[in-house]
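J.: Protein chains in written order, with the numbering used here: chain Y, 4 to 671; chain W, 4 to 671; chain V, 4 to 671.
The reader is advised that the hints may include incorrect statements.
To be verified - Short, incomplete list of chain Y residues facing chain W, as computed with Cβ under 10 Å:
id: 1; residue: W181
id: 2; residue: G182
id: 3; residue: W186
id: 4; residue: A201
id: 5; residue: T434
id: 6; residue: S509
id: 7; residue: L517
id: 8; residue: P621
id: 9; residue: I622
id: 10; residue: K654
id: 11; residue: Q656
id: 12; residue: V658
What the hints assert, rightly or not - Cross-link-like lysine-lysine pairs, in silico, DSS-like; alpha carbons within 25 Å at most:
id: 13; chain 1: V; residue 1: K317; chain 2: V; residue 2: K5
id: 14; chain 1: W; residue 1: K206; chain 2: V; residue 2: K150
id: 15; chain 1: Y; residue 1: K172; chain 2: Y; residue 2: K150
id: 16; chain 1: Y; residue 1: K206; chain 2: Y; residue 2: K172
id: 17; chain 1: Y; residue 1: K206; chain 2: W; residue 2: K150
id: 18; chain 1: V; residue 1: K150; chain 2: V; residue 2: K5
id: 19; chain 1: Y; residue 1: K206; chain 2: Y; residue 2: K5
id: 20; chain 1: W; residue 1: K564; chain 2: W; residue 2: K578
id: 21; chain 1: V; residue 1: K206; chain 2: Y; residue 2: K150
As the list claims (entries may be wrong) - Residues from chain V that keep clear of chain Y, each with C-beta distances beyond 10 Å, as calculated:
id: 22; residue: D58
id: 23; residue: D102
id: 24; residue: A201
id: 25; residue: I484
id: 26; residue: V539
Since the hints were derived computationally from the structure, they do not count as laboratory data.
Even glycine gets a Cβ: it sits at the ideal position worked out from N, Cα and C.
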Amino acid sequence: MKFGVCYYPEHWPESRWLIDVQLMREAGIDIVRIGEFAWSKMEPQYDVYDWEWLDRAIDVLGRAGLQVVLGTPTATPPVWLSRAHPDILRVDADELQRDHGTRRHYCPNSTTYRAYSRRIVRAMAERYGTHPHVIGWQIDNEFGGGKTARCYCPNCVTAFSAWLAARYKSIETLNEAWGAVFWSQSYAGFDEIRPPHAGVNYKNPSQVLDFYRFSAESYVAYQQEQIDILRDLAPNHFITHNFMGLYRDLDQHALAKALDFATWDAYPTGFPERWRNFLYAPDADFSRNDPVYAYDVGEPVMINMAHALTRGLKQQPFWIMEQQCGHINWAGLNPQARRGTVRLWTWQSVAAGADVIVFFRWRSTLFAHEQYHSGLLRHDGSTDVGYADLLAMQAERRLFDVVTSEPHSAEIALLFDWDDLWALELQPHRTGFDLMRHLFVYYRALERMGVPVDLVSYRNDLSRYKMLIAPTLHVADALKIAAVTDAVEQGATLLLGVRSGFKTPSNLVTDQPLPGALSDLAGVMIVTWESLPPGVEWAVTSPIAGLSGAASYWMERIRPKNDTEILATYLDLPKPDNAALTCRSLGAGSVLYLGWYPTHEQATSLLQALMQEKGIRPIAELPEGVHASRRGQQLILLNFTDSHHTVKVGKDQIVIAPRDVRVISAPV
Amino acid sequence: MKFGVCYYPEHWPESRWLIDVQLMREAGIDIVRIGEFAWSKMEPQYDVYDWEWLDRAIDVLGRAGLQVVLGTPTATPPVWLSRAHPDILRVDADELQRDHGTRRHYCPNSTTYRAYSRRIVRAMAERYGTHPHVIGWQIDNEFGGGKTARCYCPNCVTAFSAWLAARYKSIETLNEAWGAVFWSQSYAGFDEIRPPHAGVNYKNPSQVLDFYRFSAESYVAYQQEQIDILRDLAPNHFITHNFMGLYRDLDQHALAKALDFATWDAYPTGFPERWRNFLYAPDADFSRNDPVYAYDVGEPVMINMAHALTRGLKQQPFWIMEQQCGHINWAGLNPQARRGTVRLWTWQSVAAGADVIVFFRWRSTLFAHEQYHSGLLRHDGSTDVGYADLLAMQAERRLFDVVTSEPHSAEIALLFDWDDLWALELQPHRTGFDLMRHLFVYYRALERMGVPVDLVSYRNDLSRYKMLIAPTLHVADALKIAAVTDAVEQGATLLLGVRSGFKTPSNLVTDQPLPGALSDLAGVMIVTWESLPPGVEWAVTSPIAGLSGAASYWMERIRPKNDTEILATYLDLPKPDNAALTCRSLGAGSVLYLGWYPTHEQATSLLQALMQEKGIRPIAELPEGVHASRRGQQLILLNFTDSHHTVKVGKDQIVIAPRDVRVISAPV
Amino acid sequence: MKFGVCYYPEHWPESRWLIDVQLMREAGIDIVRIGEFAWSKMEPQYDVYDWEWLDRAIDVLGRAGLQVVLGTPTATPPVWLSRAHPDILRVDADELQRDHGTRRHYCPNSTTYRAYSRRIVRAMAERYGTHPHVIGWQIDNEFGGGKTARCYCPNCVTAFSAWLAARYKSIETLNEAWGAVFWSQSYAGFDEIRPPHAGVNYKNPSQVLDFYRFSAESYVAYQQEQIDILRDLAPNHFITHNFMGLYRDLDQHALAKALDFATWDAYPTGFPERWRNFLYAPDADFSRNDPVYAYDVGEPVMINMAHALTRGLKQQPFWIMEQQCGHINWAGLNPQARRGTVRLWTWQSVAAGADVIVFFRWRSTLFAHEQYHSGLLRHDGSTDVGYADLLAMQAERRLFDVVTSEPHSAEIALLFDWDDLWALELQPHRTGFDLMRHLFVYYRALERMGVPVDLVSYRNDLSRYKMLIAPTLHVADALKIAAVTDAVEQGATLLLGVRSGFKTPSNLVTDQPLPGALSDLAGVMIVTWESLPPGVEWAVTSPIAGLSGAASYWMERIRPKNDTEILATYLDLPKPDNAALTCRSLGAGSVLYLGWYPTHEQATSLLQALMQEKGIRPIAELPEGVHASRRGQQLILLNFTDSHHTVKVGKDQIVIAPRDVRVISAPV
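Isolated chain Y, as found in the complex (with noise of 0.2 Å):
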């Protein structure tokens, strides 16, 4: 296990950087990021490099025996671009062009950017791709961040209208998948189209997600220049990408598919400020996190969901490539982290898989965007609260090693998919009706109960599940639909959610009794489906625990085919449309279809039921704001509130301190 720390050589005093270095090594750290957003000083003028000072700084950082890792500095292209070339910026929706004077602000599809970009990757990986002490790079910095993931200038205009021609090879093909014959809107040809800017005050959804695919493959294109480069100048290096956790608008595991590993960028002061709107319950009051957690330490169930994402973009460990030390600047209240918070911040993502923490950042900013953000430094160069807890932690590396070694792994697997989330996105139907939020809710049932689960995609190995969990799977496309089939027929049991099955893969609506393409495999057929008011509801019944109560927000009206069995009725209807929740056996699996959203209580009681046939346990039984997490033989309890805990493991009862970690060898 590894320490690292993001560090910007070009913001200080040659003369201090070897202060900064003695500092990092006395705190133990390993690995170190720099270059990023140094273009400009890689490259002062068109075709005018200056090298030296990076030389000097990874010389000086190597030397301390810090590994480099370098990014490449397409995130902040100099004004020199962008004044000879303006075709380079980004346009939004509404036609402003974007400009010089923050970061993101390029275009993924300006040929003349892209031959930039290669320029100057190329020229760095000519230049260190094989220096001893550089052990790997990071393409660019943070895909979509800044609402930047979709494009509108003339570049993407004609590259949309040239993917789409690629997919779809006729217009008439194109014409039918989108359904273009409503309200006129058929195309002659491909050059007719336009992306779905501002202008178009309601828009055909088919468009829409195709937009959205082309602007993901957009950036999964412009990233593969660089890694094409980088394979072929730094042969041994590995490449990363730093990922924003939950973030929606781009694919990550496409992003993903070409990278030796993830990373992503954690701060759990920020982002659930930012998710909270989309992940809980769609009517519920939600201004401030969960109060039973600690001021200053995030919401740890959302932190966790992206953890959960991030390590299954490829199944495997990952590295937080920024890891808050202190107090952020970008969300509206940025508290302080107290001494400790920090440390249960870094146990946190090891906990959750990750291997290597880097922390952002060395020091805090004199000036630009940042200036209020911590780092491990203050302003004046002194150590702060960040820069404490690693000292602190420097007596568990030990064990963090032995943590480290050790695999993340979960018997159970929420599934995800790109399509899912923008489809209903872009047709929620009812308020607040998202896919995030419709996973959060098993999420958080099985993150409280303290039972480990992967969120992946239908992509990814479900071989390794016994129970998989698909919310809703919207857009039945045969992928999806092939490997839960699969899945299910060697054991595994499969749960699936209201609006499954709904659509096609460009975005119409099934011509099939719902759920579709789904309806043999979980042996029913929908028969109606409704969108509930606050406050309207449906009774249901069932055997299973806890489970009986009411239906709200969502409600489908099951009718079970042949063998199916019912597990959940809704009282006040006849049968044989009665059914709220069905169990089909297939193989050696099972297929359940689940008729409403349920409460954070119904999906507990439905996953405890299911768990307990699967012979599936918690890792312990947690007080409310305990968390916690197992690699391998390790169990590692994680205490998000300002009081006392006690945890029941096997025999023992383990007190954990006020925003402490304690790990505990515990084989499985």
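Guided by the hints, dock chains W and V onto chain Y, whose structure is given.
T.: Leaving out everything else, chains W and V in the frame of chain Y:
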């Protein structure tokens, strides 16, 4: 009485058409509306027409005995037209040009678009103007829908200047009419004037009102070009347009003038959500519909007010051109209708004066913008809840015929004017002062009491009413004053409310004591007027039962003239300026002036007193949630709640089940 | 003491002028402001002037003994100018060009507009610069009103580059000053820089602060061109400008420098609504004004703070150039003033240091944007409530003269700086941290206690104050530090608050321990600083009565240096870093540093302790809702409530009626 349905044969394989037609016949459908969005199917390339599919569709329908209403497809220009002539595209107030991919993105003042519109309408009319299965035409679709009533493109800059030149003749007259001397705005020529776009952050209200009028007239002129062609080539067909109920941005009366009858598109679960904030008390918290009603029926008061407005457009029976028959897709919650609710809505429409109910739509679309909108059939072609209700209503066809053979009539009219609506919208002075809301106070009181009321223009025939309510006769033009004066002299009681007589036709303030040109008619002078913040009230006393209490929201001190009688006074103000409600006799009638904005309870009390005087009696005594309407001898009771209710009609106790309808033959 | 009125003779027939003038004289009007929006009347076409009407108007006024203040009409360019030279039009941050039809749509950096401005001012000055009835000039009108302070047009792109070149001399210096190395923003030349427009979604705070300064200086330079002409051609006339109280976007001190005195436009029912959210506690729910006050008087604390700011601009008496005299038209609720309220406001202004009260406006306009704004006369020419109050005040003219002949003086000053305001606005770090709000805590506490306080700049004369409060001396430039150091050495008590000393003049963070350059002066080092979310508190204890309790919202741990005394400590923190309030003696004075953002009660307690030490005593003991001011020997008591109150002054019990004023001769 006839049933109809909106059908899109171009969306389905022809092989399905016969099945659809058979299902229509089985459900008692008589009329089918088609074609209104199919331009790109009719003219897939410029000047290349394809009528064969439409011939076949009409043929299939007609041979099954169905009558066809054809829509002109000008709400949805084909993409080749937008790409070849981008000058046809509407431009928003903030200069964003609208684009292909939705509907209503055209500019009604584009000479190019007008020419192309005439061409396609002429071509359609030449082919179908005498077709035996076609009975009439719908012009375009929902003028103004999707906030498209006003355009700021170069076509409109020119057209607005020309419109102003025609209206004011000389620029001096315009400067005078607009008070352009204010803030150095005086113009030397009409070509210096622009529409009041977003670049003018604080606008001259005379200019804006004229621009609203100009925009409204633009659509009238645009529509007239289509009407002229159809009158010529389809002389035996009716012509109509589908309006949008309480839609505000176009002058529905002006548009309706040249039509044979009016229709509107009734969406009971969607429009209340849209209108609620314009209708309930301005400081009230109405985050949901009135909770007395069942969750899936909408808010009948609001929908009935929209019926009343549409009925008043031509003071004759109307059609529902699109009647909701399940859930819709464009509101926030979109609940599904339960069995019986579609029947309830159908009877509600008929009770309000509709003679033809056309359901929207035949089958849920598999693609594009409206995928989540119910049809009578589901996506998979099976019958949905609306179809079941329609089938059930076949047993009532005779009763429907009885009811629709009777006239809808009212003794009370609410007076409404677009100039007043817009002028108050531009200068509410107090947050939330809105003419629709002010009308709604009275509308709701009467509807709740079970008293028929029409919502009519000052230009309608007022001679048929015993009582006229003009909550705010704001822009005091000669025509309006003459109309109400004449009605009063003939015997009507006229109730005038606050802010009446304030403005001149060009939206200046009168330089006469208020209520300006209405002062003599009402026999009063307004001494002061005040916007009252929440919680600020003036005590009022009146001999009229229930009227005493507090004046809130808005108050005016009235000084009665000569023999004007005082019916309420402000307790804390001195004579003679303390009148709060006055009454002046004139000819056979009388004119009241109410000096404050009444609550629901105050409006109810005042109306009861006035009705008693005029011998106007409610249809029935109604429990909350039960509404009543009368067509001639037929009394229709509608229960919008989830409970049984008993209604006393004469000596009879009529029991009415939840969401049920009772029709009673009850001579007046 | 004089009364005045804003009059628009060009809006009324000349036949009315004599009536108006007679009514003015009867009400005791001495001064009339005219002309400030009449450019199109003065120069109806390019280079064609019409002065005759204005000659006649001035003549009519002057012959009646009225003195005329002329406004230069540059807030409202005529349409011929905008159409001929669209480069004069301001452009918003989102690239939308402003247009004719409102006011203030010009760019102050347009060389074209500057030339035309000079021409019209020169022409006016040539005609009226020595006119016997003219006494002075108002430049333009409400610089920055309607969010117009900043322009992003091509003129400004060029001017901003030039301004930066003049400020920084070399681009290397600018890159250093902005920290442009961050995110590759370094510039090679000034011409590569653009204003921070909306296309840059996340901006460099040094760049933005410089742009705010540039914008502010643009108006100073624009104004100076008019002043130069007037000084030359109207050497015996005063020159002023009408400011907008707590308006934030321009540097009022810089604008006031070249003026003879300052004036402001006081709208007591409108400005509180506008400012409330910037002033009351950031997590407080203040949806309405402080309910202790009568509903029609506004919020006197806020208005008095605006008086204090305007008074401080030049540390001398000022005018109210526009005093509300009824209701206004531009807020949400716009209540009408009751009889007595206009008198109350007039006395409030005079009590705060105003010597001339000019009412806005003479008569309600019949047309255009401000129709719903009261005048002294109504639309119909009859006298309104303000006129009645003005008439009543004639009996008090001698008392007004007595009061205005006395100086307004205070022993306490609140220190304020535009750089600090803007820098904190750009990076509040915690939602709602705002300098005005931080000032308001102290202002309100003092105002409520009846203690006079000035709101002044660090550039003002500080020697007259015993106590200086700098809630946040944020951008620590040498001038500010020298000013407060000097004052302390001379004997003043200086109270510094959180976030002081944080920034350098170019908006970088200091690289020294906080409070940076103030560290020696205050004798402290800030060890940590924290934004505290709602509900998170640090316990504080202090020997100062009433100060113990909780630190919320923002806290800083203080380590006192050397002999710095500790006046409050954080209970739960260890020495020596647990100081919460410190005091260091310096010369004849002392410097306190308060480590948290105080509540109203805490500020009150702390101030009471400090005042006692300095021998500063309240004017009177005030019941809630009664405010007091002192001018020399005259004590003015103002009752802003609807109840009678008794005020103890010395040994006397003064009874004051609702919304009444008492003036008491009370030697200090």
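J.: Does each hint fit the structure? Answer for all of them.
T.: To see whether the hints hold, each was checked on the structure:
| no. | hint | in the structure |
| --- | --- | --- |
| 1 | W181 | 7 Å, holds |
| 2 | G182 | 2 Å, holds |
| 3 | W186 | 5 Å, holds |
| 4 | A201 | 6 Å, holds |
| 5 | T434 | 4 Å, holds |
| 6 | S509 | 8 Å, holds |
| 7 | L517 | 8 Å, holds |
| 8 | P621 | 37 Å, violated |
| 9 | I622 | 40 Å, violated |
| 10 | K654 | 51 Å, violated |
| 11 | Q656 | 48 Å, violated |
| 12 | V658 | 47 Å, violated |
| 13 | V:K317 with V:K5 | 20 Å, holds |
| 14 | W:K206 with V:K150 | 15 Å, holds |
| 15 | Y:K172 with Y:K150 | 31 Å, violated |
| 16 | Y:K206 with Y:K172 | 23 Å, holds |
| 17 | Y:K206 with W:K150 | 15 Å, holds |
| 18 | V:K150 with V:K5 | 32 Å, violated |
| 19 | Y:K206 with Y:K5 | 48 Å, violated |
| 20 | W:K564 with W:K578 | 12 Å, holds |
| 21 | V:K206 with Y:K150 | 15 Å, holds |
| 22 | D58 | 50 Å, holds |
| 23 | D102 | 19 Å, holds |
| 24 | A201 | 6 Å, violated |
| 25 | I484 | 18 Å, holds |
| 26 | V539 | 5 Å, violated |
In summary, the structure is inconsistent with hints 8, 9, 10, 11, 12, 15, 18, 19, 24 and 26 from the numbered list given earlier, while agreeing with the others.
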